[in-house]
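Kindly generate the complete structure, drawing on both the sequences and the hints.
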Amino acid sequence: MESRLRVLLLIRTLALSAGLTLSLSACGLFGGEKAPPPLGAETEQTAEPEAIDQEVINPNVTRRRVKVPGIDNENFEIGAIVGILSIEDFGSSGVYGARLAYHISEDFFLEASYGLAKGGLTSSESVFNTRLIPDEDRKYNYYALNIGWNALPGEIFLGENRAYNSAFYLTAGLGGTDFAGDNRFTVNGGVGYRVLITDWVAVHFDFRDYLFDIDILGEKKVAHNLEGSLGITVFF
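Counting in the numbering used here, the sequence shown runs without a single skipped number right up to 253 at its last residue.
Keep in mind that the hints are not guaranteed to be accurate.
Unchecked claim - Distance condition first, Cα-Cα at most 30 Å in a straight line; then the derived DSSO-like pairs of lysine-lysine:
| # | residue 1 | residue 2 |
| --- | --- | --- |
| 1 | K135 | K156 |
| 2 | K238 | K156 |
| 3 | K237 | K156 |
| 4 | K237 | K135 |
| 5 | K135 | K238 |
As the list claims (entries may be wrong) - Ranges between beta-carbon positions, derived for each pair:
| # | residue 1 | residue 2 | range |
| --- | --- | --- | --- |
| 6 | L234 | A129 | 39 to 47 Å |
| 7 | F202 | F174 | 38 to 46 Å |
| 8 | D152 | N182 | 38 to 46 Å |
| 9 | D154 | V204 | 16 to 24 Å |
| 10 | F185 | E153 | 38 to 46 Å |
| 11 | V239 | E91 | 32 to 40 Å |
| 12 | F145 | V212 | 45 to 53 Å |
| 13 | V144 | I101 | 19 to 27 Å |
| 14 | F185 | R148 | 37 to 45 Å |
| 15 | L117 | Y181 | 21 to 29 Å |
| 16 | N178 | S109 | 37 to 45 Å |
| 17 | F222 | L133 | 14 to 22 Å |
| 18 | S143 | D195 | 52 to 60 Å |
The hints are simulated quantities; they were obtained by calculation from the structure and are not laboratory data.
We put the beta carbon where it would ideally sit given N, CA and C, even for glycine.
Right, here's the structure in full:
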């Protein structure tokens, strides 16, 4: 009797186990949880994100070639000037001349200049109708060697779409002046404004004072001869 009970309990346990297995299989087939993928498929899914990461980290970039524009590096500048020269005691005269400059750096330059003018009559000559000096001695020729400093480089704008490089500069130098039958040691100083119309053509506006000793009227003094000029120069 006891052995029969054991057999019945064993049969019941096996029946319950078989029923549970069938229930789990039915859940998997009719919308339950998915079965785990094969080992090979799992490896492929894991490798795919790694490939995407490599594309993001190491993109294939094609570099463009950029052409850098050339910049002119001419240091010499030559040109002509025209303007008005006020010769102390001898009135104002038209003046014209030439200038040659060498640009040592962006800030400093050396300049050689030469100018021609002619003195007029003094006030006493006009009143008393006399001549203190002959006409041939009224020719006024000067030459000078100056150093210049580009104190305020910048740009000048004409309209919305046009801009030109410019510089406000100071000059000072030594030279000589042939006037009134004598060669006179001359000191000069002034200011100027340069505008680059192109990369090799510039326009200058200058104001300078040429000082030398003179004693034609019987009293020795320092004469101030003021010059205002407009110049056009080219770089080479």
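Earlier hints that do not hold, by number: Going through the list in order, the structure violates hints 6 and 18 and respects the others.
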